[in-house]
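*Asks:* Here's the letter readout for the chains.
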Amino acid sequence: MTGVSTNAFATLGLEPKFGYAREELERRHKELSKALHPDRYVSAPAAERRMALSRAIEVNEAFRRLKDPVKRAEEVLRVAGVAVGETAEPKAAPDLLMEMMESREALADAARKRDTATIAKLGGEMTAREERLLGKLGGILDGDGSKDAALPILGELRYTRRFLDEVAAQEEALLG
Amino acid sequence: MLLEIFDPKAAPKPIGIDLGTTNSLVARMRDDRPVAIADCDLETLVPSAVHYGAHGEILVGRDAMRVAAVDPRNTIVSVKRLMGRGADDAETRRLSTFEFVAPTSEAEKKSVRFKVQGKVMTPIEVSADILRKLKQLATDELARVGGAVITVPAYFDDAQRQATKDAGKLAGLDVLRLLNEPTAAALAYGLDKKKDGLFAVYDLGGGTFDVTVLRLEDGVFEVKSTGGDSQLGGDDMDRALGEVLLATIVGGAPIEGAAPELVRVALDAARRAKHALTDAETVELELPVRGKSEGAVVTVTRADFDALIQPIVERTGVACRRALRDAGVKPGELDGVILVGGSTRVPYVKRYVEETFGKAPLDDIDPDQVVALGAAIQAHVLAGEGDKADVLLLDVLPLSLGIETMGGVVERILPRNTTIPTGARQVFTTYADKQTGFDLHVVQGERELAVDNRSLARFTLKGIPPMPAGMARLEITFKVDADGLLEVAAKEITTGIEQTVEVKPSYGLSDEEVESMLLAALDHGEEDLAARRLIEERVEGERVLGATQKALEIDADLLDAAERGVIETSVSELATALRGTSAGVIHAKVELLDDATKAWAGRRMDRAVEKAIAGKTVGAIEEGVADARGVDAHVAEHAERAAQRRGD
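Which chain is which? The protein sequence lines are U and R, in order.
In this text, residue positions in the first sequence follow the numbering used here: the first is 1, and each later residue adds one.
In this text, residue positions in the second sequence follow the numbering used here: the first is 1001, and each later residue adds one.
For the record, the hints were derived by calculation from the structure and aren't laboratory data.
Since we're looking at a predicted model, the values are computed, not measured.
From the three backbone atoms N, C-alpha and C, an ideal C-beta is built for every residue, glycine too.
Each hint should be verified, as a subset may be incorrect.
Said to hold, decoys possible - Now the stretches of chain R that chain U is said to cover, found in silico as 3 or more residues with beta-carbon under 8 Å:
| no. | stretch |
| --- | --- |
| 1 | 1408-1420 |
| 2 | 1584-1595 |
Claimed, not checked - Lysine to any residue pairs mimicking SDA-like chemistry, simulated, CA-CA at most 20 Å apart:
| no. | chain 1 | residue 1 | chain 2 | residue 2 |
| --- | --- | --- | --- | --- |
| 3 | U | Lys71 | R | Arg1416 |
| 4 | U | Lys30 | R | Asp1218 |
| 5 | R | Lys1224 | U | Glu23 |
| 6 | R | Lys1330 | U | Ile140 |
| 7 | R | Lys1224 | U | Leu134 |
| 8 | U | Lys67 | R | Lys1611 |
| 9 | U | Lys30 | R | Ile1058 |
| 10 | U | Lys67 | U | Ile140 |
| 11 | R | Lys1119 | R | Asp1218 |
| 12 | U | Lys67 | R | Glu1222 |
| 13 | R | Lys1611 | R | Gly1219 |
| 14 | U | Lys30 | R | Leu1592 |
| 15 | R | Lys1169 | U | Ala46 |
This is chain U alone, in the form it adopts within the complex (with noise of 0.2 Å):
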């Protein structure tokens, strides 16, 4: 487990919501970057210099969180107040959990194949399915309701995710 402690919202001077564009981040990233990064600081007094590093690593580190719209989807509700980690959360639906590992296994058995066709395919159909997942969970997040119900969206993000990385993975150890 990492330890989060600081709302990484605030530290960009962000509103917690879900509903960034990868580009809104980034923007924000560059413009505190160009005020806190250690290059600026270079001719400072050391105890300055100090200073520049760890506001910059800061930023840097809520920046990483945010623009993975999984971690970012756990900080808005952890600054709702949600608990959030996978032990803290509920599990899985059987049929989900079932679901999943036959894809895995189709794509275990296209890698043996070296079956890359097999592979874009799975990677492509994983990756609509994250997307119809993050519309959800960003109706959920930044809706008025309650944010519980994007515990389990959550989770099964968690599974595509893991998904998507094996196929990288594959692809990576393929293409050579």
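Dock chain R against chain U, hints included.
*Replies:* Structure of chain R alone, referenced to chain U:
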């Protein structure tokens, strides 16, 4: 050019250094333009070769190359390949041209050592000798050398970066920053003026090939991906043609058994031919033929040469396509391709690059100089002499950082391509009852098993109070600075007894080691060291004084009268100390001023942040800044929360 009159009190001038595998060079700014610094023979390239003589004399550059042929054992070349390599690394064993010394202790394993003239040396010391030569060249021209920016390949891991920085320190340079070579090349081309764009840097040197995809957006440079082949370069081209020429030279005998002198003749002729074919379509070479008094004249056409080097050049294409893929970029999306390295002068290479990236490459800056020129620009900016408002270089971690866990599997703590500086914390628990020590192994790389990655540091956190397994909670904090250098701290947080171990990764040199190396290198040991310390304290003192005075001009309104009084007193005390000759007094006054300005520095940083995002949700920012207290505060808070959880 304006005549620069020697002035011992001249202001120190920043320099940029390209510390290359085959050649190195140093550059500086003159009339707002970067220029390479030449020696008395008007040569700018310094071969990265060092010869150690029997009586302690050290030759660097062309002088070393001249004796390399007769005394190869005591001439170190391509030392960059060994930077940051441990004694047990596969790479070390492969490069067996030097007399390597087996490590006699665990501490010695962290760096390759080899024996030269009966003396045991590390690659850091050899690199420092090259850097000293470059510093000397710069001093001859500038009177006083200020801070230096040294370039490193974008893929250099933490160990290699640390070794490079240590070499700079050892050479007496004030290293402002390590800069990625491709970024330096982009700066030299002034791409930062363009504001936005996607660029590839194709760097084919004597023995290494690197390709990097860079993105520039809104004045911020980002390395998107990097790749290459550390055993591919112009030397391979020389070898390919050399083999053909050697067949003529040995007069029909098998080339495998040819005497080294004949091989040298063939390689030299091949290199001459390669250079000539850059402009000419054909070249005629006169070669000696073994056993005959008459030599032979061989004609090589550019087409012949192209056919010979084709397989070599095509190998670069694999790395290029991979780098594009990693960056998620298609060739057509690139706004420009930059050529770096002497081997990119070969017309076939240029053509190949154009085909691969679908774009004619930029080549109007000398490809041997372009990296050093970019480094000089960045040194100028960092020293506060340039227009620093515009460019910012955001680098990423080239390789993931992780910790070895049970079963030798790596738990990734910071993934590659994370923007630096960065930090992360991870909590581990003990796995045995009453366990009082915890072994940590920090690795860098992408592989799943720790043994397949680069080992950075091993250390044991001791003094954990005996508890049942899983009860003790160890928090590991990683910090990576803007140069990509790592610091690891470990802390036991369960009992409230905090123990922090600061770990500099194991390959670097400790301050004591640097000191003893310095002592050994200096003629008058202690005396010189004291003089050097005074110089270093003065540099820092002047820097702090200058920065404070500048800040007072701009941000004095953020001080109340009392604070201002204290700062002004500290400033005048430091100014007085700087006129004296006590390193200790200067150091004390710098610390005093540091303390006096700390709170103010925080307020000034807040103001800089507000300005950077002016007009955009300022209320939220104030809250954000109040929240951004740095890693240390977080760790403390985390410990507190962990304590609360236990209380539940």
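*Asks:* Next step is simple, just say for each hint if it's right about the structure.
*Replies:* Tested hints:
no.	hint	verdict
1	1408-1420	holds (count 3)
2	1584-1595	holds (count 4)
3	Lys71/U with Arg1416/R	holds (17 Å)
4	Lys30/U with Asp1218/R	holds (8 Å)
5	Lys1224/R with Glu23/U	holds (16 Å)
6	Lys1330/R with Ile140/U	violated (36 Å)
7	Lys1224/R with Leu134/U	violated (25 Å)
8	Lys67/U with Lys1611/R	violated (23 Å)
9	Lys30/U with Ile1058/R	violated (47 Å)
10	Lys67/U with Ile140/U	holds (19 Å)
11	Lys1119/R with Asp1218/R	violated (51 Å)
12	Lys67/U with Glu1222/R	holds (16 Å)
13	Lys1611/R with Gly1219/R	holds (16 Å)
14	Lys30/U with Leu1592/R	violated (34 Å)
15	Lys1169/R with Ala46/U	holds (18 Å)
Consistency with the previously given hints fails for numbers 6, 7, 8, 9, 11 and 14, ordered from lowest to highest.
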